[in-house]
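Trainee: Residues per chain, in single letters:
Number of protein chains: 2
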Amino acid sequence: MTPITVVAVALDSIPIIKPGDPLVSIILEAVEESGFNLNEGDIFVISSKIVSKSEGRIVKACSIIPSREAKGIAERNGFDPTHVELALRESVEVISSKGVLITETHSGLICNFSGVDRSNAPDGEYVLLPKNPDQSAERILRDLRKETDLNLGVILVDSQGRPWRKGLVNVAIGCAGINAFKYNKGKPDLHGRILKRSTVCQIDELAAFAEPLMGQAGEGVPVVIIRGYEFADGSENAGDVNRPKEEDLFRQQTEKRGEWAQS
Amino acid sequence: MTPITVVAVALDSIPIIKPGDPLVSIILEAVEESGFNLNEGDIFVISSKIVSKSEGRIVKACSIIPSREAKGIAERNGFDPTHVELALRESVEVISSKGVLITETHSGLICNFSGVDRSNAPDGEYVLLPKNPDQSAERILRDLRKETDLNLGVILVDSQGRPWRKGLVNVAIGCAGINAFKYNKGKPDLHGRILKRSTVCQIDELAAFAEPLMGQAGEGVPVVIIRGYEFADGSENAGDVNRPKEEDLFRQQTEKRGEWAQS
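Chains as they are written, first to last, in numbering that gives the first Met the number 0: chain F, 0 to 262; chain B, 0 to 262.
By construction, these hints were calculated from the structure, which means they are not laboratory data. Quick caveat, the model's predicted, so the values are computed rather than measured. Quick reminder that beta carbons are idealized off the backbone N, C-alpha and C, glycines included. Wrong hints could be hidden among the right ones.
A few chain F residues facing chain B, derived, Cβ under 7 Å [stated by the list, open to error]:
#1 Ile15
#2 Trp163
#3 Leu194
#4 Glu204
Isolated chain F (complex conformation):
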């Protein structure tokens, strides 16, 4: 019997991306160069960094004047004021600025420094996350489909920390052609008991697996293709993974704290 397998393939011949570069053409050239033949159902896991760069989401440090708020947060925590300023500009809310800078971005993602990052950025520059990662994923998928005539999935990824677990993991910040979740509700378990719930964030799991191939440093692997994973397409995107504020235990505490502090 042939076992079920899933394969992840690293595309390591993608050059450094610059603003305005035609990302999909560059990715498809790298696919060709790798000798890998695309199939129906292949999933492109793409580092959000190259998407940001192609979209021109790069800021020169010298063009930024940090606000008083940014300077205050930077001083209290030993952070770079420019980095803090950019994180604040990219955010709608600061979740915590004590020893960390965790924010909610305009697209609803909760992450460190609004995902603003200096690694793999040109000297003296910062890379911001794509403005609307789900829209970016849709655009990439549309172009991939146009060029290949295949049904594919696209997941844009970024590495992030977790409140209760040490170390970064890749998560999905945008997706297209693949549903964010896989639903197990109603399926029987090994003993025939019907599962009442159990919703899995499949895009985060696929994102996580691509990281070991991508790396965080100069590995030069911004795209990983996953083959053999069966998935459904639907209306859900990565934005649907962000827990709404009213379900967020952490922020509920913060707000209650506020109430108590006032009373």
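Go by the hints and put chain B onto chain F.
Mentor: Frame of chain F; chain B shown alone:
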């Protein structure tokens, strides 16, 4: 040029595990049946549920009398009192019991209901997490090495929720033969800038990727073998992934809340 690939292989001929079953022999029989030949460096990602079952970590609901505390939490949240009681017994601290039951287990893991679960458990029974998942992983690795004479990695996994992101993902609750983290500090990025930090939780990323093959229902795939991922062995295990209390922003809030409430 041959692209770098990582392959995940599902072992789908493992029978339902009962207390006392020789887990490693059963897994190796399934490997043989699958026609897959083990190599140096293969990583066994194993559902903690079959480890628990083989270790007899199963409790009959009818043998449990819920405490007053458990009944209170169950009543306020519409939970099953027996499930709450077991979660409390398996915990050292309740992190939140408002709409959820998030606890810290004896082994330091922060999770829902201390990982106590009814899915894929025999009728009227609950499966607890392995008592010391890192030790279980070490034992499994030792037996695998004895039988195969290969250097392998072992990761025990469980699916868990996240504070800021919806949907479950697999995380590593035990490991052996593979370090928990991969360190990028000191590596140059694409532009030659040296990374100052960036520690990746590689065991969580490998755990996450195995889930799509394992499933949560009656798929009957409790073991996935990952091949092609290069890793270092070291002294770190999955227990080192648990963020210590003093770094836990969430609990810091809870405690501060307590202080304010008292003042």
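Trainee: Each hint needs a verdict: does it hold in this structure or not?
Mentor: Here is how each hint holds up against the structure:
Look at F:Ile15: its Cβ gets to within about 6 Å of chain B, closer than 7 Å, so that hint holds up. Look at F:Trp163: its Cβ gets to within about 4 Å of chain B, closer than 7 Å, so that hint holds up. Nearest Cβ of chain B to the Cβ of F:Leu194: about 6 Å, under the 7 Å cut. The hint holds. The interface hint given for F:Glu204 holds, since its Cβ lies 4 Å from the closest Cβ of chain B, which is under the 7 Å cut-off.
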